[in-house]
Amino acid sequence: MGDVIRSRVDPNDGSFAANRDAMLAALAEVEELQAQVVAGGGSPDPDKNARSVARHRGRGKMLPRERIDVLLDELSPFLELSPLAGWGTDDPLGGGIVTGIGVITGTECMIIANDATVKGGSQGPTSVKKGLRAMEVARRNRLPLVSLTESGGADLPKQSEIFVPGGASFKNLTQLSAEGVPTVTLVFGSSTAGGAYVPGMSDYVVLQKQAAKVYLGGPPLVKMAIDEDADEEELGGAEMHARTSGLADYLAEDEMDALRIGRDIVGHLRWRKQGNGPDRPAQAPRYDAEELLGIASADIRVPFEAREVLARVLDGSEFEEFKPLYGTTLVTGWGHIGGFPVGVLANNGILFSEESEKGTQFIQLCNRHDIPIVFFQNITGFMVGTKYEQGGIIKDGAKLINAVSNSAVPHLTVMMGASYGAGNYGMSGRAYDPRFVFSWPNHRIAVMGPKQLAGVLTIVARQKTEAAGTPFDEAAFAPIRDAFEQQVDSESTALFATGRLWDDGIIDPRDTRTALTLGLSAVHSAPVRGADGYGVWRM
Amino acid sequence: MPEQMASEQPPIQTLLVANRGEIAVRICDTAREMGIRCVAVFSDPDRDARHVRYADVAVHLPGATAGQTYLDMDRIIEAARRTGADAVHPGYGFLSENPEFARRVRAAGLTWVGPSPESIEAMALKVEAKNTAAAAGVPLVPGAELAGTDTDAEVAEKAAAVGYPVMIKASAGGGGKGMRTVARPEELVAALAGARREAAAAFGDDTVFLERYLPRARHVEVQVFGDGHGTYLHLFDRECSIQRRHQKIIEEAPSPGTTEATRERMYAAAVALAERIDYVGAGTVEFLVSGDGDDQEFFFLEMNTRLQVEHRVTEEITGSNLVRWQLLVAQGRPLTIAQEDLEIDGHAIEVRLYAEDPANAFLPSVGTLTEFQLPSDYRALVDSGYARGDTVSRYYDPMLAKIITHGVDRAEATHEMITALQDVAVAGVATNRDMLHAILSSLAFDVGDTTTAFLEEHPAMLAPDPGDALPDVPALVAGAFRHLDAVGTPGEWSPDVFAGPFTVDPVPARWRNVRGTPGCVGLAWGDGPEHRVWVRFDSVGRPAEGRWRISLSRGEHPYGGEATDAGVVRVTLPNAADPGPDEIFPGDSLLVEVDGLVHRFEVLLDALGRVAVSSPTVHRVFSVVRPGGRTAEEAGDLGPVAPVPGTVAAVEVAQGDTVSAGQTLVILEAMKMEHRIVADADAVVAEVLVAPGQAVDAHQVLVTFASGDSDE
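As they're listed, the protein sequences go chains A and B.
Each step along the first sequence adds one to the number in my numbering, with nothing skipped, and position 50 is 83.
Each step along the second sequence adds one to the number in my numbering, with nothing skipped, and position 24 is 259.
Don't read these hints as lab results, they were simulated from the structure.
There could be a bad hint or two in this list.
[Claimed, not checked] Over the 12 Å line for every Cβ pair with chain B, so calculated as not near, a few chain A residues:
hint	residue
1	Glu-64
2	Leu-105
3	Gly-127
4	Gln-394
5	Gly-424
6	Ala-494
[Stated by the list, open to error] Label-pair ranges, simulated between beta-carbon atoms:
hint	chain 1	residue 1	chain 2	residue 2	range
7	A	Asp-262	B	Val-919	41 to 47 Å
8	A	Glu-267	B	Asp-681	57 to 63 Å
9	A	Glu-267	B	Val-919	53 to 59 Å
10	A	Asp-403	B	Pro-927	32 to 38 Å
11	A	Glu-286	B	Gly-439	46 to 52 Å
12	A	Asp-264	B	Ala-930	32 to 38 Å
13	B	Thr-939	A	Glu-266	34 to 40 Å
14	A	Leu-57	B	His-650	54 to 60 Å
15	A	Glu-353	B	Ala-930	53 to 59 Å
16	A	Leu-57	B	Asp-612	51 to 57 Å
Idealized CB from N, CA, C, for every residue including glycine.
Using the sequences plus the hints, can you model the full thing?
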């Protein structure tokens, strides 16, 4: 199907090696941060982290990723989402929870696991955002949700940031249930106050003996409120809930037993995916994914050939290109990933009117044929200038955004470079509800490039000063301009973006095909159906 | 000389070996040395067996059970006719002590390699054998005959006269079948029924008799040989006291616990008995030896009118070849050796390597030998009917091999055996290898305190404890490493859950987008605690080097600490260019370095997914533990299951019965042994899922119980 893309990459080229070195350096930084998250503890002080992990293990407890590993089928992959959420904030890196998609007794599930070594598993703003995102992924893709709960509740000093939005998690649980998506909660420790509603709102609840504590108010609060001296086990222990309150559906002897029961529960769900499977045998790309490291430009301003990326992601490197001679800075066409049919939109430069209309038409075709769309973003924005404004670039850009917004097939977005301006919107950026957004470490995202933004700021300042009748002191403004440029630059990095959950995680470019395959498998858990209608097309 | 020539039968040209396994191979070996062509017979399950590959011609006996094949006289004689065989060697077991077969072989004009049918008959029925022995002046164990018409009260009276503990034995039997020990009168009736049933199944005759059970006796036997020309020899004694379920597992020659005086008297008694029945060929007179020093007594047990499994130890200490002697005598040739020419040279020990689980009531273990390594021939003499890739079927005796060592004295032979056992690596079935190793290494064996109660007195040897709280860290790591399949190609995983003809392109197994995510392999040895080996995976789901942590089942994490050098484990493959390791340890060798010590292991996966780890000092077969159970233990709490594949012999409960813990539910016959399936708790039988005669698979649920806790 389609033609095999002919790669013109020369690995001996100097820029290839430079790109590769830069990408590997960026990946090393990401991996270093991931290692911190995996190690647990959540504080910047490694010694303190080691102590809290040792304390946790000393109680015979497993770390969240260890619990997940035991819960999953032995050979199952685990697509962890937003591992570096909270980067650049004063929340702990990773937010003290682990979310991701893995396979339990043959069923792809969303798993949300608290990390009790991070602030006792208490929930800060990042935890809430990350948890809500995971629930959204579960709901939209119809993935059964398994929660591994051990949380001290709200991160009280930050209660104002989480109390109101955090409430949605309980609503989400019951809405998932209402939509027929099963929810299973295994409680390994505290799940108190608001947290008690996680088991409370779930379809299935497993409590671990002598470990789970589930109550609305703990002994101190009970003492304060009604002057009762309550025993913790009597108040919210696993045995009490299994025998007396009925909150627990299953009583687990220990962590392994709880995980075993969780597997049994998922096993009896007889969960069926509602989407279609692959429509042809999958085929590995003909080119080595390793070369992606040297293909993506280290300097975000240097364009690179999007087809070279597609040649290393699409099945058999085969691509049936649509309108190859028209609107050439947007590459559109059909291919397969992991056997699943996909439509592809990939940036090969700035967007003009032709590209916008080409993309609009292509998105409509994908919706007509119920084919998921993968967006490869490397976009500095829509073209500006008198000629283009007069040519109706706003109207054409609006068409693309209209199509993207109302498209009903799943979108998966790969941030492989720049994502500036309305280009982010037209290419299904985070606000346009793609099912998954994965970023490469070289990714930059902002309303526009830092240099341009600083330049614009300078021009605006000059106009303001000169309008007031005073001459503009270029030299005096330079430090302000540089500081602003630096600020924008630091706020547009992949880490900054992932820290704020603008994506679902930074991935190694070499993992792109695997992440997309798993993502496509997940999106096909729900029916894949195109849009019935769009907004009014502006002509 | 002319007289001898006259009595000589025509020389054997082609020998049919009416047997299977190691003994068929061993007989074939000697026959071939003597220029005799060899014919094997084989059943359906044995089509690819080693004895078939070994013979010059092999004849298929369609069917699987012994009755359809190795016990079918017509078909075996027909096989001899088809292949032009002029002689039949019965080996041991099967038809070897069947006088009718001997007669029919001779009637077909074939040479019978064994004693006369009359000699066999004289010793075949135990009660008559005892009378004969008594007439020859051989001392007997107190005993009593039982008639099928005896009432329970009459049996109890006879048992009381013999004196408890009493043993019930099958009159027509041997090899432990139809045999029961009864300590107290109240156990007598049930034991009698079981023994009769087993005897009927094994020998087609349910006649049994009683005998005094001598609990701390030794089993000592004398090898005799008659040539039909008036020469009767003994080839000294063998001790075979160490037994399980009344079947020998370790044999040695000479006996370490028999006095010179007893020995001489036993030799004389054995030869006298052979003479009395005009015995021709190889035979064994078995005795129980009781007491020490001057008080030592011996009692006649039985005479086996055939070659014994353990004949090799006698050959080792006398330099003889008993099969050669058998074949010569069968051709009418006299023995050319006199008693005074025979001398004991050193000491020999034989162990029987069985496919069975000593920790689990010696349940036979069936499966494919995904790995099968036996000691090299410079280290030990090995007789085996199996090779790697062969299947151990449920139809026949589960003996995998005999390993025989010879030393200048007992200590040297023992040491040689311990070393030889360390070279044994078997995957695919459970074996008694570790138990044999533990026995040979024990003080009790070393000092010769070997009685028939050896295993009851040393139950720990059934499942030798690996020792430390955290045993064999390198072995665990090696096992985990192999299990993770990192040695070979990386595994793959495909979300194969979509309807439709195509599958999703597999992604690397255990793929993690977050580097260094932990993965765990739970390994358990036998019924021991689970050990979890934590590994940090790299991006393609392979273990990252140097990042291992091992924890016990209950949360302890004593080994490791990823931040320090201690606990850093490196796993490397031996350099492929270096042929050394492969020559010594063919297969999957790998090196595990723990804290600077490098260990070499051979690590193999068997068909059940278990991991066998072998080194010269460690051999472990680990089950892989996932939540929800260990590999090959999937049946869970459904109800009592068949421990092995077999045939239902009896169902002792019916739907609606209330049973108590320990009560027998079903009797299963498998590999010629009876297995009693008992209730593990008080319960009500909801459904009986099997019927007598039905073949069942391992782990098949036999009976279900009504849920006990409910009041409904």
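A quick look at each hint next to the structure:
Chain B draws Glu-64 of chain A into its interface by the beta-carbon criterion, the shortest separation being 5 Å against a cut-off of 12 Å. With 12 Å as the threshold on Cβ separation, the claim that Leu-105 of chain A sits away from chain B is violated: the shortest Cβ distance comes to roughly 9 Å. Chain B draws Gly-127 of chain A into its interface by the beta-carbon criterion, the shortest separation being 10 Å against a cut-off of 12 Å. No Cβ of chain B comes within 12 Å of the Cβ of Gln-394 of chain A; the nearest lies about 29 Å off, and the non-interface call holds.
No Cβ of chain B approaches the Cβ of Gly-424 of chain A within 12 Å, the least distance being about 42 Å, so the stated non-interface status holds. Non-interface status of Ala-494 of chain A relative to chain B is upheld: no Cβ of that chain comes within 12 Å, the nearest being about 44 Å off. Restraint check, Asp-262 of chain A to Val-919 of chain B: a C-beta distance of roughly 45 Å satisfies the suggested window 41 to 47 Å. With their beta carbons about 59 Å apart, Glu-267 of chain A and Asp-681 of chain B fall inside the hinted range of 57 to 63 Å.
A hinted range of 53 to 59 Å is violated for the C-beta pair Glu-267 of chain A and Val-919 of chain B, which are about 35 Å apart. For Asp-403 of chain A paired with Pro-927 of chain B, a C-beta distance near 59 Å fails the hint of 32 to 38 Å. For Glu-286 of chain A and Gly-439 of chain B, the hinted distance range of 46 to 52 Å is satisfied, since their beta carbons lie about 51 Å from each other. Taking 32 to 38 Å as the suggested C-beta distance range, the pair Asp-264 of chain A and Ala-930 of chain B does not conform, at roughly 57 Å.
Under the hint 34 to 40 Å, the C-beta atoms of Thr-939 of chain B and Glu-266 of chain A, about 36 Å apart, fit the expected range. A hinted range of 54 to 60 Å for the beta carbons of Leu-57 of chain A and His-650 of chain B is consistent with their spacing of about 57 Å. For Glu-353 of chain A and Ala-930 of chain B, the Cβ-Cβ distance of about 57 Å falls inside the hinted range of 53 to 59 Å, so the restraint holds. Under the hint 51 to 57 Å, the C-beta atoms of Leu-57 of chain A and Asp-612 of chain B, about 55 Å apart, fit the expected range.
When the structure is compared with the earlier hints, violations turn up for hints 1, 2, 3, 9, 10 and 12 and for no others.
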